[in-house]
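In the UniProt record's numbering, the protein residues as written are 1 to 476.
If you are wondering where the hints come from, they were derived from the structure by calculation, not from laboratory data. Hints may be right or wrong, so weigh each one.
Derived DSS-like pairs (lysine-lysine); straight-line CA-CA distance at most 25 Å [what the hints assert, rightly or not]:
1) K95 - K116
2) K187 - K243
3) K306 - K437
4) K182 - K193
5) K184 - K172
6) K439 - K379
7) K410 - K189
8) K211 - K439
Keep in mind the model is a prediction, meaning the values are calculated, not measured.
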Amino acid sequence: KRDKGRLRERFEKKWKDQERKYNVNRVSETIQDNGIFWMDFFANKESKRIYSISYYLPCGPKDDAIEAKKISVCKTMFLRTLSISFNCVYTAIQKSENGNGFIELDQRGRHTNHPKTVDDDMVRSVIDHVEAFAPVPSHYTRQNSSFHKPKKDVCEQCHIYENNNQITQTDKEKHEEHLREKEKARKMKMEDKDSALQNNEILTAAFDLQKCLNVPHGNVSTFYYKRKLSLYNFTVFNLGSRKGYCFSWHQQTARRGANEIASCVYKFIEETVVEGIKDHRFWSDNCGGQNRNRIVFLMYMLASSKFNIDISHRFLVVGHTQNEGDSMHALIERQTKDKLLYTPDQWYTAFRFAKSDENPYNVVEVSQELIKDFKSQIKSMSNWITTNDGSRMPWNKVTEIVVKASHPFKIFYKTSYRDDDYQWIAYDAPIPIDKNKHKDLMALCRTLVIPREYHLFFNNLTATNSYVVVDDSDTD
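Kindly produce the complete structure, drawing on both the sequences and the hints.
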């Protein structure tokens, strides 16, 4: 029996050692004095290699003055770094040599021999076949995936101007005037905001009535087909402190007219006067039934007289009434979009917790006692029509109303933001009534024949010091 271990040992000591000695001797015979190694069986043959390719990669940034340093790498690293094949390198070298250093353009597909293998009838039949299938929405569009575009109402006047194919010089001038008024209003609002930030006695606020909310509210299909209770939310946003105020009530408490808006603003003024505010600057849209009317302006006169403050109310240009207060409405709608709200109290709670930062909205639950009947006091101002120059008061063109503490019952106004001077209504104070008449009215208030909610109007009436009948007619 042969011992494989002994055979392996003999091979390691004899045959392998003999082969090493043979190779060493063989190499020593083929090494020349200059250190170049030559194999004797290749020494007399011609080499087929014309040139050798060296590969380099840049090392470090390239400077205009100093060429980037290059480092020599192997072929494998060069090709894998650039993700190319050797054929690409070989073709580049060939084209570079043939083109005086400039690589020729790729000529693939640039020839004119393009045989047409498919005729037009076959192409048309394929198109008809594809169009025969009923189209279905792509799975990308099912999710409605897209970039959000902020909602912005389009100005009617600007829209008409853009769609007008026959613009006259008058139309162009009118549109340019409209844009100038818009820019001037925006600039003035920013100036009022900066003034409020720099002066603690100035307050700049924007107010608006949110769209009608419903009770109950939710994504229940039955709610859509049933009549629901309306809930109103009047918001006031302080542009300086960025605090928001919500005056909320439902339709069984009050309506949403000028009396309600004036009462909420009066309550807001009453609370801010305690903080030391002497100058109130309000901004709003041009809604005549809620903001731009005699009832609100009369409330300003009464508040200015009672609290000894200045009040100004500016109206943004129609179609461009976007302001910082709109963020309150957007945030409330977003926070309550998927919530079920069954009562007004749940809405009020949602208003309070809509904003999660350090300044939550201050919610005032409006009661009937808060609503003042300013409308009934309109008669105390006998003139709402004639201006100081004898012209008719242009209520629908008013852009700014100012009531000053020095003249609390005198309304200053502008019909353009670019006007330098104010105009005013003819009378600068209420016309006093007869002393006996005033005495009788006060007696009716004391005995509650006149309800308490109307006492504010009668308490602000002025009377003559003597028992003289005031003539209500003109002498002319």
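Going through the earlier hints one by one, which of them does the structure break, listed in rising order? 1 and 8
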